Every structure is written in C-alpha cells, then in structure tokens.
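Work out the full structure, taking the sequences as your base and the hints as a guide.
There are 2 protein chains.
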Amino acid sequence: MLASVPATPTFKRLPRAVREQQMLDAAVRVFSRRGFHAASMDEIADDAGISKPMVYAYLGSKEQLFLACVHREGTRMLEAIVAVVGADLPADQQLWRGLRAFFGFVGAHRDGWAVLYRQARGQEAFIADLAHMRERMVEVIAGLFRRAVQAHGRLPREADLSATAYALVGAAESLADWLADHPDADPEKIATRMMNVAWLGAGQLLRGEVWRRDE
Amino acid sequence: MLASVPATPTFKRLPRAVREQQMLDAAVRVFSRRGFHAASMDEIADDAGISKPMVYAYLGSKEQLFLACVHREGTRMLEAIVAVVGADLPADQQLWRGLRAFFGFVGAHRDGWAVLYRQARGQEAFIADLAHMRERMVEVIAGLFRRAVQAHGRLPREADLSATAYALVGAAESLADWLADHPDADPEKIATRMMNVAWLGAGQLLRGEVWRRDE
DNA sequence: CCGGAACCTACTGGAAGGTAACCTTACGCG
DNA sequence: CGCGTAAGGTTACCTTCCAGTAGGTTCCGG
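Here the protein sequences line up with chains H and B, keeping their order. Residues 0 to 214 (numbering that gives the first Met the number 0) make up the first sequence, in order. Residues 0 to 214 (numbering that gives the first Met the number 0) make up the second sequence, in order.
In short, the hints are calculated from the structure, not lab data. No incorrect hints appear here.
Simulated coverage check for chain B against chain H, where a stretch passes if three residues somewhere in it have a Cβ under 8 Å from a Cβ of chain H:
#: 1; segment: 33-39
#: 2; segment: 172-179
#: 3; segment: 187-193
Note that this is a predicted model, so its numbers are computed, not measured. The beta carbon of each residue, even a glycine, is placed where N, CA and C say it ideally should be.
See below:
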C-alpha cells in the first residue's frame, strides 16, 4: 500500500541537539520580530515546528531561552571578530579588521544579532549578562589601545581607555542598528565610514582627510 | 476667611494640566524602573497618587502614555542642547557645548531619560517615533558638519555626513548609558572624553594628543 | 440647583507562562 | 527476534496577571 510510507518527510523525530538548535533559531527570529515580552512561547514553538512543552523540556523558562539566544549569538560574533584580529598587527589594522568582521557579521544576521541585542538592553533581567558580554567587547578594544599606547612609550589611564572603548562600541552599535534596518546597505562601506570617524575623528574628517587601509 | 485655604494639601482636586504632569512624572519613574511591559498601569496610577481610570481618561492607552513620556523628555533634552549651541561658533565649540549639555541633561535625569530611551528601542510600537526623534538629533549634528565642511570650501556627501552623525550619536548614547549606571560619575568629565574621541579620533588619542577647550 | 469636571471601586476578558498526563516511536539488550 | 524503557512528542488545561471599562460619587462654578 502507498499509505505505509508516510507522505510527510518533514515531521521526523530528531535528536535533542538538533531540535535545540532549531528552537534557538526560531526563538531568535521571533524575539527579534516581536521583542522579548511580546514574543509568546507558543509562537516560538510554532515557528520551530514543535509544541510548547518541548521547548520547556529542553530550554527551560522563557528567560533562560532568551539568554541562550543572546549567549549563542554573542559568542558567535565575538569569535568572528577575535578570529580576524591578529595580535601583532598595528593598531589601526587591528581596528579595521575587527570592524569589518563586526559589520560583516551583523550584515549576515540582520534580523538576528542587532535586534536581539537591542532587546536585551533595558530588560531588567538581562542587563547583568548583557553588561558582561559588552564588557568583554570593551575590554578587547581597550586592550588593543593599551598595547598601542604603550608601544608609543606612554602609560595610559584606564578610565580613558575604557571610556574611549565604550564610545567606539556605542558608535559601532549605532551604525549596526542602521545597517540592520537597511537591507541594501553594504557592510564593508559602513565599516569604512566607522573606521574614518573612529580613527581620524570629526576634526580631521571635516578638513577632508581620509583614512586609507593600505593593507 | 481662613477656610478658603484647604487644610488638606495632599488630596485636593487638581486641574487637568497639573495632574497630567504628575502622571507623566510617575510614568517616567515606573517605566524606567520596570521597563515598558513590566510596568503596570496600576503602579503608575498609584505612584501618581491617583486611580487608574484617571490615567486612561487623560492620557489614553498605555502605549500613548509611554509615547507621551518619551516625547516630553526627548523634547526637553533637545531644547536643552539646541539652546546652548550658538549658530555661528566654530564647529568644535558647537560640538563641545552640545555634548556638555547632553551629558549634563542625562546626569540630571539619570533614572529618567537614558533608561526610558533604552526601553523604547526594540519595542516594535515605538521604533518609528524613536527613529524620528533620533533623526532630528542626527540631522542637527549632520547640519553642524555640513556647514563646517562647506566653510572649508568642500562639498560633503550626505551619506558620509549622516553616517558620521549616527556614529557620534551612538557613541554619546553609549557613554550616557554608562553615566546613568554610575551615579558618582561627573558628566563634565564624560563630555570631555567624548569630545576627545569624537573630535580627535583614536589615531591621535593614542599618540597622546588631547583636545583642549580654550573657550 | 444643575451640569460637568474630577475622581473612585469593582469588574471583565483575554492573553500567555507554565504544567500534568498521556501517547508513540526508536533501539539497546537479553 | 521481540520487548521494555526512555526519549521524542502531544493535547488540554490551570493560573495569574493586567490592560481597559462600566457605572457611580463628590465637588465646584455659574
């Protein structure tokens, strides 16, 4: 009989590891579409092609699920950046490569990272974890500057370093936001603009100077 | 007669305009303490010393109430900035004064503006209005640069101008966030640091150059 | 004394987080 | 081979919370 072979190849039982990733994918989609509170577990489960209790069984509560999303995406992004920043390159080259990787990543995950990240800020329950990831990013950049300044034979003040790093991270996030909302924008171009303002500063920019990458 | 002055100063009937401001004050407090969704209309009404139906009668729905908050605070901030930026000062002076006003404002409304603003981002319903306010801010800064560049005899590309402005706005917001979380930080100092990185850029900073305000 | 503005208590209706109890397929092991 | 059991999966429910409202009361101005 025909009926013995099920005509629905989609609904197969899958091992936990696979389902978990599918659920996280769905959760990222829904969270970034709706925001944390407005997203319902029903919709996430639906989007993942599974029923709600499974989500609870595998990922725990809604909060835990959200944290898992942020953690996965954040780790991917940080790895993508760290991978391309060579430790012994000149500072501007490091910054350039990091920025290019960052905007490349955001460009490739438009509805994923940027929006998710924005969601997490201000949601009381997550600011601690978010601040921690942000801190790691800031520390990477601050460390970059620390070495560069020391290479110039001066000793930097920590407060100045981290303030500068914070400002750069904020600037990058702002442009990433803009990028996320403009599907036809070119990440590489954004990275170049960001590099210009970050490295040269407004003062030199409006005098017509341009940063060149001469790799 | 003495009786004409009521002896109960707390529970007096008040004209609409006054109550509305009290409600907005309470709403800003509660929204920034809890976040948009976690804030309940009951708590806001309670905090305002009034009952819930009054809030609905005067300010409409929860969304409208939130928008009213954002709008009021945002307008106040923009006015504070525009008021100090003289139209015919050199560009760096304008930027410096604007930044000082901005961080001064945030410092004076720590639990008000910064958190409220962060709340609004990512909440589907508000991104349009938020983007509009942000756009006004970006346009102010972009206009500042446009004139400065033209004063140098060159014609700027709009895309570059707004990208630069976006980056600066993002950097300022990021530092403002940091400021909102550090009650003992000095707004003036943050403004100086921001001015350094914005005007000089990282390249000159790590060579040890410093922007001086010589007013 | 009447109209309307300020104000209240008390309710409804629905949405959504979370769970209990149950089915069903794969597959390891005797 | 077959059988038991755990892992994959489901339906249907409970509960709580909260935006929003119905309908009534008090007070002031004219």
